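S.K.: Letter by letter, the sequence shown follows residues 1 to 455 in my numbering.
It cannot be assumed that every hint is accurate.
To be verified - No more than 27 Å apart at the CA atoms, straight line, and that leaves these computed lysine-lysine pairs for BS3-like:
id	residue 1	residue 2
1	K94	K327
2	K406	K19
3	K83	K105
What the hints assert, rightly or not - Here are the simulated distance ranges between beta carbons:
id	residue 1	residue 2	range
4	D140	T54	34 to 44 Å
5	A156	G73	37 to 47 Å
6	H396	A199	30 to 40 Å
7	A199	A345	38 to 48 Å
8	A228	G365	17 to 27 Å
9	A22	N213	33 to 43 Å
Hint data in this document are derived by calculation from the structure and do not stem from the laboratory. These figures come from a predicted structure and were not determined experimentally. Just so it is clear, CB atoms sit at the ideal spot from N, CA and C, and this is done for glycine as well.
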Amino acid sequence: MPDAQLLALSPLDGRYASKVDALRPVFSEFGLIHARVRVEVEWLLALAAEPAITELAPFPAAAAARLRALATGFSTADAARVKEIERTTNHDVKAVEYFIKERLKDDADLGPALEFVHFACTSEDINNLSYSLMLAQGRDAVMLPALDEVIGKLRAMAHEHAALPMLSRTHGQTASPTTLGKELANVVARLARQREVLAGLPMPGKANGAVGNYNAHLAAYPEVDWPAFSRRLVESLGLAWQPYTTQIEPHDGIAELCDAMKRIDTILLDLCRDTWGYISLGYFRQAVKAGEVGSSTMPHKVNPIDFENAEGNFGIANALFEHFAAKLPVSRWQRDLTDSTVLRALGTAFGHALIGFDALLRGLGKLTVNPQRIAADLDASWEVLAEAVQTVMRRHGLPNPYEQLKALTRGQGINAGSMRAFIEGLELPSDAKQRLLEMTPGSYTGLAERLATDI
């Protein structure tokens, strides 16, 4: 491991560095500067295309391409130059403006446009659009594909084990049987719904000046329809136009995104805990990897470390997502700076969520089902048929069915013989009685197989 990783304060840049590489170009300092350059470039191009701004001639196609190349070809060396300028300006967005001007000043076509770089903008016009671009990219290019891989794995497992009967437990007690596939299908259904919410969330953006009123814009060019201009720019970036703001975009959209991510993480955290429990019961075996150690002192152990790692990382991610959702929409008067440092931590939350996805997938890939152990639990739990028997008794008008089954089963040791003896003594139609006599805990699964297959 390189020294930089050994000395990293955050595990995202140390122990788990390789797990979050896909997020580095998006949420790193480089990613933020890159997004800012793109927004500044698109703002300048939009100004040049506005007929009423006669002092800024439209750029020739080749010049416009050179300008866009500042963003599309932006490199870590370029980001380092921006940081060098920032050491003088002590202002990160102003450093981006000066970087662009530095690159344009000797260009015959673009040089005359220098003072229209960052024209009428407040830093937050650039920042809010940049963060929305970063969040959209991180969601669409990294998080959604990772989530889809998790959903795909769980769906495949649900189909594979759709018909495998399994004892349910409600309140930790034996309950009406299900199938292993149906329990996985429940998770798939929950995740699919939240994936749709996450993917459909618009990323808002604004470009309306120092306090959201186009003050400087109107002072310079009163003949321009600035709200329409702003909308065209924001939507050209693939973002949703936000017409009403203070100096900052209110961050409600970021809060919605964080809440959606938090729900997804919570569903997966729930799955991790349940799977951990099923491993403990022996329903799942874990593949053994040569050389791995489960315990420093107990050599027999194969610990469910992947599910524990996933659970821990989902918890860290959710603590951050919860803070973002609660804090970011709150800003004193027309603007305070508390959001600035908080926004820089967005990538940390997504990083821990991504590590959770990875660990969960790794854990799921190690599982094999132990059908004998699952069947043994079912065969030791004949009391779960009490629900079926008393419901059939209700249909046919037998007296006190619930109470009779309660007396038979509650706190009692019930087996196949005692359950069938009880059924034999019931005054039921022969076909109904026969159905109950043929029923076992393993066959009493309702529509679980169909539900699992249909997901």
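S.K.: For each hint, tell me whether it holds in the structure or not.
M.R.: Against the structure, the hints:
no.	hint	result
1	K94 with K327	26 Å, holds
2	K406 with K19	53 Å, violated
3	K83 with K105	19 Å, holds
4	D140 with T54: 34 to 44 Å	39 Å, holds
5	A156 with G73: 37 to 47 Å	41 Å, holds
6	H396 with A199: 30 to 40 Å	50 Å, violated
7	A199 with A345: 38 to 48 Å	23 Å, violated
8	A228 with G365: 17 to 27 Å	52 Å, violated
9	A22 with N213: 33 to 43 Å	39 Å, holds
This entry does not satisfy hints 2, 6, 7, 8, going by the numbered hints stated previously.
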